[in-house]
Structures are given as structure tokens and as C-alpha cells.
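Protein chains: 2
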Amino acid sequence: MAGKRIGVVLSGCGVYDGAEIHEATLTLFFLDRAGAEAVCMAPDKPQHHVIDHRTGDETGETRNVLVEASRIARGKISDLASARADDLDALIIPGGFGAAKNLSTVAFDGPDATVDEDLAALVRAMHDQGKPIGALCIAPAVLSKILSEKGVTLTIGDDEGTAGAIRTMGNVHQESHVDEIVVDSANKVVTTAAYMCQASIGAVGEGIEKLVREVIRLTQ
Amino acid sequence: MAGKRIGVVLSGCGVYDGAEIHEATLTLFFLDRAGAEAVCMAPDKPQHHVIDHRTGDETGETRNVLVEASRIARGKISDLASARADDLDALIIPGGFGAAKNLSTVAFDGPDATVDEDLAALVRAMHDQGKPIGALCIAPAVLSKILSEKGVTLTIGDDEGTAGAIRTMGNVHQESHVDEIVVDSANKVVTTAAYMCQASIGAVGEGIEKLVREVIRLTQ
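So the protein lines, in turn, are chains A and B.
Positions 0 to 219 (numbering that gives the first Met the number 0) are the ones given, in order, by the first sequence.
Positions 0 to 219 (numbering that gives the first Met the number 0) are the ones given, in order, by the second sequence.
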């Protein structure tokens with residue numbers, strides 16, 4: 000049996016302006032260990048901004064989301080705009096502020112956020128085809144916006160502000176710990192809080208390992 | 000018992016011009032899972048160059064090794080120049096071209112490479128104090144240069160050119176597979192080939208998990 004093809008949507012390279020590196024890497028690691036093939040993709044557009052990760056300050060540089068994300072993918076990555084749901088068995092969206100600033104405007108607009116059109120179209124197509132979708136950290140809020148008013152159950156841990164935004168979007172928030180996942184079997188949506196919690200990389204990895212396993216199980 | 004403090008020397012953020020992201024992240028992951036504390040550090044200096052990881056081309060940008068490495072460390076990182084062997088129980092150097100271009104000139108000068116002076120001083124001090132040192136991927140060649148003519152046994156997998164350079168430096172190269180480690184117990188040096196081999200992230204992780212375990216064991 001050929002391995003399942005799982006799309007991994009990256010949003011740059013670095014927790015404060017891109018994809019959270021540990022979450023993205025551990026997603027790729029556990030997918031490979033489970034015998035699945037990761038298909039990395041990212042939007043070909045400028046990042047919202049560039050942050051010096053030591054200080055939290057903007058640097059004034061301009062960087063491209065796809066180019067930076069290709070660092071995590073070791074160059075093996077394609078433009079999100081060319082992704083087709085027919086070619087994938089499932090989709091996983093790691094977190095980091097890139098999900099909330101580059102893939103969407105969730106960081107700035109909360110429940111009124113807009114979402115990258117290519118991502119929204121891909122997620123809707125996957126959902127329409129009954130294929131599982133996983134999201135980590137803040138990415139469940141982006142997923143919630145795309146699947147507004149569908150009553151999907153998701154988790155972002157225990158941050159009340161973000162949980163409230165998810166409820167305003169017409170979905171259900173379930174509190175969780177970092178090493179847990181929340182599974183909405185009817186919608187085939189699997190989420191884990193990851194670094195939305197103050198947690199170590201080992202604890203974050205526990206949740207991601209469970210999420211990857213469950214996403215793959217739901218492709219059966 | 001407090002966890003061991005293990006220095007992790009980063010060299011940027013991205014396989015072609017910095018620290019290999021998967022190797023660095025999995026090192027942090029397995030250290031945390033083993034109950035050790037990772038102490039991330041990198042030199043505060045410009046990268047040799049910046050590479051577009053999709054194309055392999057130089058971009059002409061200027062980036063700082065410490066600033067980029069802080070993406071992998073989620074901001075929790077210090078200047079390599081301020082690191083002291085007395086504060087650490089062991090040291091691990093992940094690979095990526097950053098080790099061969101930013102931490103040293105191994106990529107350009109092979110056995111005649113120069114090495115970042117702060118790194119060389121730290122490694123010599125750790126070695127003099129009998130503390131274990133781990134190195135991944137191409138980093139064993141950098142370690143070999145620092146510990147020239149000491150007859151240390153290391154591995155970089157099976158790349159004959161790099162193996163020859165290690166022998167020219169007065170050390171011993173031992174071939175290995177990606178999921179293996181080579182342990183020089185007398186010198187307390189542990190190495191694994193990681194992405195020097197054509198391998199999946201899962202296989203690379205196997206070698207890194209073994210390396211981390213052995214480095215911690217040797218601190219006893």
C-alpha cells in the first residue's frame with residue numbers, strides 16, 4: 000500500500016512571523032515515521048512582516064512566505080495556489096504567527112479575519128470530499144474561519160480570547176492540554192494546542208504525534 | 000536531580016546557509032524528552048551568504064547568524080562568544096551548511112578550514128574538562144578540525160571526500176548508516192551522519208535520538 004499523501008501548509012519560517020518551526024518539523028517527522036508522504040506547500044506572497052526573534056521587533060525587511068517556508072521543507076515545496084484536493088488524502092496546518100498573519104488576518108481581526116483565498120478553497124474542497132484536516136496551535140482559528148457556522152469542534156488550548164473568536168465564528172471550542180488532541184469525527188477535523196500553551200517541545204510533540212496518527216487513521 | 004545542561008550550537012536557520020532545521024529541532028526535541036535542558040547559542044556575525052532554498056541561488060541579502068538561529072530557538076538563545084564550558088554538561092553541534100560556511104570554512108577549504116574562534120575555544124574547553132560533545136551531519140568535520148591530530152573517531156556517513164578530509168586532519172573516519180551513531184568513548188565524542196546521507200526525516204531522527212541519549216549518558 001502506497002503511503003498517504005498529506006498536505007502540510009507552511010506560512011513562513013519562525014514562530015513570530017511564519018510557521019512555528021518545531022510544530023512544522025515535528026509534523027513532518029511523525030508523518031514520515033507513520034509511513035505517510037508530506038506534501039509541503041505555502042503561498043507565494045510577501046510575509047506580513049519580518050520579526051527579529053530575539054527582540055520581537057520588526058526588522059523592516061521584506062521576505063516571501065513560500066521562499067522562507069522552503070527552509071523548513073529543504074527546498075521540496077510548491078505554491079499553495081497549485082494544490083488540488085484530489086491529489087491529497089489529508090491536510091495539516093501547523094501554527095505560528097504566520098498562520099494568523101500570512102495565511103489569514105486572525106492576529107489582527109479575530110472573528111472578522113479574512114483568509115488566503117487559495118487556502119480557503121483548498122480547505123473547503125478537502126472538507127467537501129470528506130478528507131481529514133489537522134490544525135495546530137493558532138491554525139484552528141484559521142480553520143474555524145474557513146468553516147464558519149458549521150458547528151465544528153476545535154481546540155486552541157485554553158486562551159479565552161481565541162476560544163471566544165471561534166465561538167463567534169459559529170463553531171465550538173473545547174479546552175485541552177498541550178499533550179491532547181480534540182477530534183471532531185463527523186467533520187474529520189483534528190486539532191491540538193501545541194505552543195498556544197506554555198509548554199516544552201517534548202510536550203508539544205506528544206500532541207502532534209497524536210494528531211498525525213489520528214489524521215492518518217481518518218483517511219481510511 | 001536537575002536536568003543536564005546541554006549546549007546546542009546553531010549556525011543560522013536553513014540547510015543551505017544555516018543550521019539544518021530538522022536536525023536542530025529534533026536535537027531539542029530528544030533533549031527535552033530525555034529531561035535535559037537545551038542551551039541554544041550561535042555566533043553574532045553575518046552569514047556567509049543567503050540561499051533561496053527552492054532554487055539554490057544566492058539572494059544577495061545580508062542576514063545575521065544569531066538572529067536567524069533565534070528562529071529555531073524561539074528567541075531563547077545567547078551569543079556563542081559568552082558561552083562557558085563550566086556552565087555546560089555537554090555540547091551538541093547540529094549540521095547544515097551553516098556549520099561548514101558560518102561556523103567554519105570547511106565547505107570551501109576542507110582540511111585547511113578555519114573555525115570560528117569562539118566555537119573552537121568552547122569545544123577545546125569542553126574536551127579538556129572531559130565533557131561529551133555530539134556532532135551531526137557535516138559538523139563532525141568542523142569538530143575534527145578543532146580536535147586536529149588527536150586521533151578522534153568520527154563519522155559523516157560515507158562521503159569519501161569529507162572522510163578523506165577528516166583523515167588529513169589527523170583523525171579517524173568510520174563509515175556509518177543514517178540511523179547509527181559512532182561513539183569515541185575515550186574522547187567522549189558522539190557523531191551521526193544525519194542528512195549527509197540521502198535519508199528521510201524519520202531515519203535522521205533515529206540517529207539523532209541515539210546521539211542525544213549517548214551524549215547524556217556520557218555526562219554521568
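None of these hints come from the bench; they were simulated from the model.
Just so you know, these numbers come straight off a predicted model, no measurement behind them.
Check before you lean on any hint, since a few could be wrong.
Identical copies go unnamed one by one, so any copy, or any two together, can satisfy a pair.
Okay, derived cross-link-like pairs now, BS3-like style, lysine-lysine, Cα gap no bigger than 30 Å in a straight line [stated by the list, open to error]:
id : residue 1 : residue 2
1  : K149      : K75
2  : K209      : K3
3  : K75       : K3
4  : K3        : K149
Hint check results:
1. Within a single copy, K149 and K75 get their C-alpha atoms no closer than 34 Å, and across copies no closer than 39 Å, so neither meets the 30 Å cut-off.
2. For the identical chains of this complex, K209 and K3 are neighbours both inside a copy (17 Å) and across copies (28 Å), given an alpha-carbon limit of 30 Å.
3. Taking the shortest Cα distances, K75 and K3 sit within 30 Å of each other inside one copy (17 Å), while across copies they are farther apart (36 Å).
4. In this assembly of identical chains, K3 and K149 lie within 30 Å of each other by CA distance solely inside one copy; the values are 27 Å within and 48 Å between copies.
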